[in-house]
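2 protein chains.
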Amino acid sequence: MENKQYILKERPYGDVTNDTFHMRRVSMPSLREGEVMVKTKYISVDPYMRGKMNEQKTYTEPYVVGKAIYGAVVGEVVKSKDKSYQPGDFVHGIMPWQEYCSIHTEDVTRVNVPKEDLPMALSVLGMTGLTAYFGMMKIGKPREGETVVISGAAGAVGTVAGQIAKLHGCRVIGISSSEIKNHYLENDLGFDDTINYLTTDDLDYELSRKCPDGIDIYFDNVGGKISDTIMEQMNFFSRVIVCGQISTYNSKEKNIGLRIQPMILTRSMLMQGFIVSNYHDEFPKAQNELAKWISEGKIKNRETIINGFENLPRAFMGLFRGANIGKQLVKVY
Amino acid sequence: MENKQYILKERPYGDVTNDTFHMRRVSMPSLREGEVMVKTKYISVDPYMRGKMNEQKTYTEPYVVGKAIYGAVVGEVVKSKDKSYQPGDFVHGIMPWQEYCSIHTEDVTRVNVPKEDLPMALSVLGMTGLTAYFGMMKIGKPREGETVVISGAAGAVGTVAGQIAKLHGCRVIGISSSEIKNHYLENDLGFDDTINYLTTDDLDYELSRKCPDGIDIYFDNVGGKISDTIMEQMNFFSRVIVCGQISTYNSKEKNIGLRIQPMILTRSMLMQGFIVSNYHDEFPKAQNELAKWISEGKIKNRETIINGFENLPRAFMGLFRGANIGKQLVKVY
Chain A
1 MENKQYILKE
11 RPYGDVTNDT
21 FHMRRVSMPS
31 LREGEVMVKT
41 KYISVDPYMR
51 GKMNEQKTYT
61 EPYVVGKAIY
71 GAVVGEVVKS
81 KDKSYQPGDF
91 VHGIMPWQEY
101 CSIHTEDVTR
111 VNVPKEDLPM
121 ALSVLGMTGL
131 TAYFGMMKIG
141 KPREGETVVI
151 SGAAGAVGTV
161 AGQIAKLHGC
171 RVIGISSSEI
181 KNHYLENDLG
191 FDDTINYLTT
201 DDLDYELSRK
211 CPDGIDIYFD
221 NVGGKISDTI
231 MEQMNFFSRV
241 IVCGQISTYN
251 SKEKNIGLRI
261 QPMILTRSML
271 MQGFIVSNYH
281 DEFPKAQNEL
291 AKWISEGKIK
301 NRETIINGFE
311 NLPRAFMGLF
321 RGANIGKQLV
331 KVY
Chain B
1 MENKQYILKE
11 RPYGDVTNDT
21 FHMRRVSMPS
31 LREGEVMVKT
41 KYISVDPYMR
51 GKMNEQKTYT
61 EPYVVGKAIY
71 GAVVGEVVKS
81 KDKSYQPGDF
91 VHGIMPWQEY
101 CSIHTEDVTR
111 VNVPKEDLPM
121 ALSVLGMTGL
131 TAYFGMMKIG
141 KPREGETVVI
151 SGAAGAVGTV
161 AGQIAKLHGC
171 RVIGISSSEI
181 KNHYLENDLG
191 FDDTINYLTT
201 DDLDYELSRK
211 CPDGIDIYFD
221 NVGGKISDTI
231 MEQMNFFSRV
241 IVCGQISTYN
251 SKEKNIGLRI
261 QPMILTRSML
271 MQGFIVSNYH
281 DEFPKAQNEL
291 AKWISEGKIK
301 NRETIINGFE
311 NLPRAFMGLF
321 RGANIGKQLV
331 KVY
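Note that the protein sequences, when read in sequence, are chains A and B.
For the first sequence, this note's numbering gives the first residue as 1, with consecutive numbering after it.
For the second sequence, this note's numbering gives the first residue as 1, with consecutive numbering after it.
Fair warning: there could be bad hints in the mix.
[Said to hold, decoys possible] So the derived list for chain A, only partly shown, Cβ under 7 Å to chain B, looks like this: (1) Tyr13; (2) Gly14; (3) Gln245; (4) Gln261; (5) Met269; (6) Leu270; (7) Gln272; (8) Phe320; (9) Gly322.
[To be verified] Derived pair list, reagent style BS3-like, types lysine-lysine, alpha-carbon separation capped at 30 Å: (10) A/Lys252 x B/Lys254; (11) A/Lys81 x A/Lys4; (12) A/Lys252 x A/Lys79; (13) B/Lys67 x A/Lys225; (14) A/Lys57 x B/Lys225; (15) A/Lys210 x B/Lys57; (16) B/Lys300 x B/Lys254.
Since the hints were derived computationally from the structure, they do not count as laboratory data.
Backbone N, C-alpha and C define an ideal beta-carbon position, used for all residues, glycine too.
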């Protein structure tokens, strides 16, 4: 049987390009005691991976040049040397960008959704849904009647974060890069209002018009100038959830902008960064609550799915152009 | 009897100058039912007052041009129309920069320290001591063995904040503007190390040398470039207490610098601003704890006292040159 893998060919400087990746044929994996062999069904591509393509360590180890890129994957067990897993079972884990791989069962979790909902295990019930959940619940702490602004609102995290704020009785304003996305946010997800930052001449004015009572929670997925503008309209005792800074990940320039400490000081603001694994012990509880909200129709999930293993680079690069609505996945098999 | 008052003559643009203030003679205050007449003993001058000299509102109302400047004062009751206060009692309150004033007893608190310790009611047991206490205890949450950096370390807040961190078993590094201050911090207050930012060519290098394990808590009194440099050496799960931004208060330029959100994100940092009145309900408990630490010799207090009502402008302007060690007060009578 054939097996394919994507490796990091060279570290990108600035934008990620096709030269960043190389697809190669590799042999089928061996299978040791305690492992399962997994046929990859869906691969998650995520902005945080851009950081792992750089040389310096941040909160995780960088990818190694010449070795497989890896991330969240859902796959089907095709062989098993662990009695508790059978062929046909579905599992979730951090696995290489590879068609088939073997992995110890200690490093996977069982996926218990119906087969047609498998993408949910990588979206609303996966890392991005959990990221939205913990950011909003642990840092944002939304209260009824508050105004919530979400940048990157139509992305995997933003869509879920906004809906969580809605079900807590907040007024939610989403910022995205297209009318199609904004139409989706308002009409499908119930966001109260939206701003297209690409076509707005004056984001400051638009924000003040759409947030007449100021902003109580800012869920920041993008950073840069958009966040500078939003910071100036934050309220006393407001909270900023620093979840992503996608506008800066490919930048070659020093990230210079408005110093925000004076606003944080005079408005008694809280700003907190996090990564989802900080809350690892609470994943099951959060997944249960998210699943309940989905079953009640309070949270809708959406994925943008590209077919074909060979399209992984394209799917990944699309994240930085805002090509996706909701979670970007690649369907392998 | 003669009575004098300082008013805001004109709003400063940039540096505060003698033209900012005007001293004038006013009549002795009348005294209504429920009020006490207070003879001002000590006046507190504080950097936050610079913000109130600007036109725009921040968290408090601006001073009014042509009207008295006001702030924390300790004075002696000389007349009383409230049975619970007698002449000779000492009171603390927000009062005008004025030799004599009348104030309702609902707006004062009784000062219960011995007469020779009256300045403490405006320093370590007053607003600045409480500011250090709540910033460190509510936001910093120091744990044994952690590294704490304090900018503006020799000021009224910094000296107390550093000592609170020391008594929680932290390694404390103070940043100040002179060797005399640093000698005081190390030898009198037990700071582990200090940096003179004015004579250091490379603050980044000095910090990394003096904080080999990175920084867990940064108590920020100054903002600006010093804070940019410190931010780059913060640890995973570190906390930044945004307490003051004195380096920027007189600035005419837009406050541009390093965007810090990427660091806050990748290191799961918390940054929080506050003003001491947020914790108003807990003042008595905090003052008891501070008084206990003082009596146990764990916290030493220091004031820089200038004599003479007419020296209020000079004392205030000195704050921005770092003229004071510990709390800057003006002794009126």
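Cross-check of the supplied hints:
1. Tyr13: violated (17 Å)
2. Gly14: violated (16 Å)
3. Gln245: holds (5 Å)
4. Gln261: Hint holds; A/Gln261 Cβ to chain B Cβ min 5 Å, cut 7 Å.
5. Met269: holds (5 Å)
6. Leu270: Holds, about 5 Å.
7. Gln272: holds (5 Å)
8. Phe320: violated (15 Å)
9. Gly322: Where the cut-off is 7 Å and the nearest Cβ of chain B is about 19 Å from A/Gly322, the hint is violated.
10. A/Lys252 x B/Lys254: Answer holds: A/Lys252 to B/Lys254 is near 24 Å, not above 30 Å.
11. A/Lys81 x A/Lys4: Within the cut-off at roughly 23 Å; holds.
12. A/Lys252 x A/Lys79: Measuring from Cα to Cα gives roughly 45 Å; hence the hint is violated.
13. B/Lys67 x A/Lys225: violated (40 Å)
14. A/Lys57 x B/Lys225: Given pair A/Lys57, B/Lys225 holds - Cα atoms ~24 Å apart, limit 30 Å.
15. A/Lys210 x B/Lys57: Measuring from Cα to Cα gives roughly 22 Å; hence the hint holds.
16. B/Lys300 x B/Lys254: Since the Cα atoms of B/Lys300 and B/Lys254 sit roughly 38 Å apart, the hinted pair is violated (cutoff 30 Å).
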